[in-house]
Amino acid sequence: MADPAQDTVSIFDPDQRVAGRARDFASRNVFGGAMGPIDVRHDVITGPRRPLSRRIFVLPRVYAGVVFATAGLGQLRASAVWTDPGQSWPAALHEQLAQWAPHTATWYSAILTQWWMPHADGLAPVVAWLHLVIGVALVLGVATRLAAAVAIVMLLNYAAAAGHTLYGAWDTAAYTALALTVWLARAGREWGVDAVLARRWPSAGIW
Amino acid sequence: MVAPAPVVVSGPQARAPANPATVPGWIVVPLRLYLSTAFLGALTNKAGPRRWSAWLHFMPHFVAQLQPHAARWYQPVLTHIVLPHATVFAALVSVGEVAVGVALLFGAVTRLAAAGGIMLTANYFLLNGLTVADVSNDFAILIGLIVVFLSRAGRTLGIDAWLARRWPNVPLW
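Residue numbers (the numbering used here), protein chains in the order written: chain E, 1 to 207; chain V, 1001 to 1173.
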């Protein structure tokens, strides 16, 4: 069986001289090699293509997944984000959209008032199930890029509806940044089901 | 001294593996830049003489208001350490946010900046008394900062690339 570390490093360092030092460093660093071949000289030499261990990106993937799944589960049980005690989830969604309306981005205002608000009752279960499915997919690392892409689309809609910017400490912006990082890193291919799927279908864009 | 002959890799070995265990370093740059805006954006209510004095006055009230909701073990920290020295902490928070934001923006001493940012956001998170599974911009930012710290994000398209070339073993970048 091929040595994965050697395979990986050979993309950036065909003559393997730097890779050898990277492996030496990885074997004695504080993570006991768990974080992959991160070598300071290798970092500088390869510039923007400096290889990073994909394992780092499992953390934002699982965290975002837990938050999405918890939100979805709570919404299906009418006991979580945006719901007051005793309030149904569709009623809570409608109330939230109405609260956002005065702050909505100008270009999004018509979409919110003419599309989302009149259909809030029908949308509520769809939103809740999407949260749950995205969350489970991210936690398990199944079709991670697809899940992250759908999460980004939903978060961009929330941000536009609430009048948030994509910079600053808004929760929508923060989760969008994490989801984008997960998407870029194809984070499900490490400690996720996508590792198996990628071996079978390596060119698919959804993991 | 004779230089070692380069090894020519061809055939199947030259092809990229289907599922490499690594990703290119540039992918953490958007996250690093976003996090810098999160910290610099927090200055909107603190920059300038009038806003600064308003912030020093506002911060103790804000902390006292949130104290009942804070994590139980964190409440004595607020009562005995933060609130009696609220003006000092208000100033430290503002200066810390600027320093972290600027350092992340330019990718300079990024690991130190990320560690400082983690400390700040951990305190904000504990003050709000939320759980890890709750929707929280503070905890999302904290996770992003951990990624920036582990990935040494300033070494890609940042000043840390030069610092690492000169002082490769310093863990601050």
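Treat the hints with care, since some could be wrong.
As the list claims (entries may be wrong) - Under 7 Å between C-beta atoms, here's a sample of chain E residues computed to sit facing chain V:
1) ARG54
2) VAL58
3) GLN96
4) GLN114
5) TRP115
6) PRO118
7) THR181
8) LEU184
Source of the hints: derived by calculation from the structure; they are not laboratory data.
Beta carbons: idealized from backbone N, C-alpha and C, even for Gly.
Here is how each hint holds up against the structure:
Interface restraint check for ARG54 (chain E): the shortest CB-CB distance to chain V comes to about 5 Å, inside 7 Å, so the restraint holds. Given the 7 Å rule on beta carbons, the hint for VAL58 (chain E) is violated: about 10 Å separates it from the nearest Cβ of chain V. For GLN96 (chain E), the suggested interface contact is broken, since its CB lies about 12 Å from the closest CB of chain V, more than 7 Å. Evaluation of the GLN114 (chain E) hint against chain V yields a violated restraint, the C-beta minimum of about 27 Å exceeding 7 Å.
With 7 Å as the threshold, the beta carbon of TRP115 (chain E) stays out of range of chain V, its nearest partner Cβ sitting at about 24 Å, so the hint is violated. Violation of the interface hint for PRO118 (chain E) is found here, the shortest Cβ-Cβ separation to chain V being roughly 26 Å, above the 7 Å cut-off. The beta carbon of THR181 (chain E) is positioned within 7 Å of a beta carbon in chain V (closest approach about 5 Å), and the interface hint is therefore held. With 7 Å as the threshold, the beta carbon of LEU184 (chain E) comes within range of chain V, its nearest partner Cβ sitting at about 4 Å, so the hint holds.
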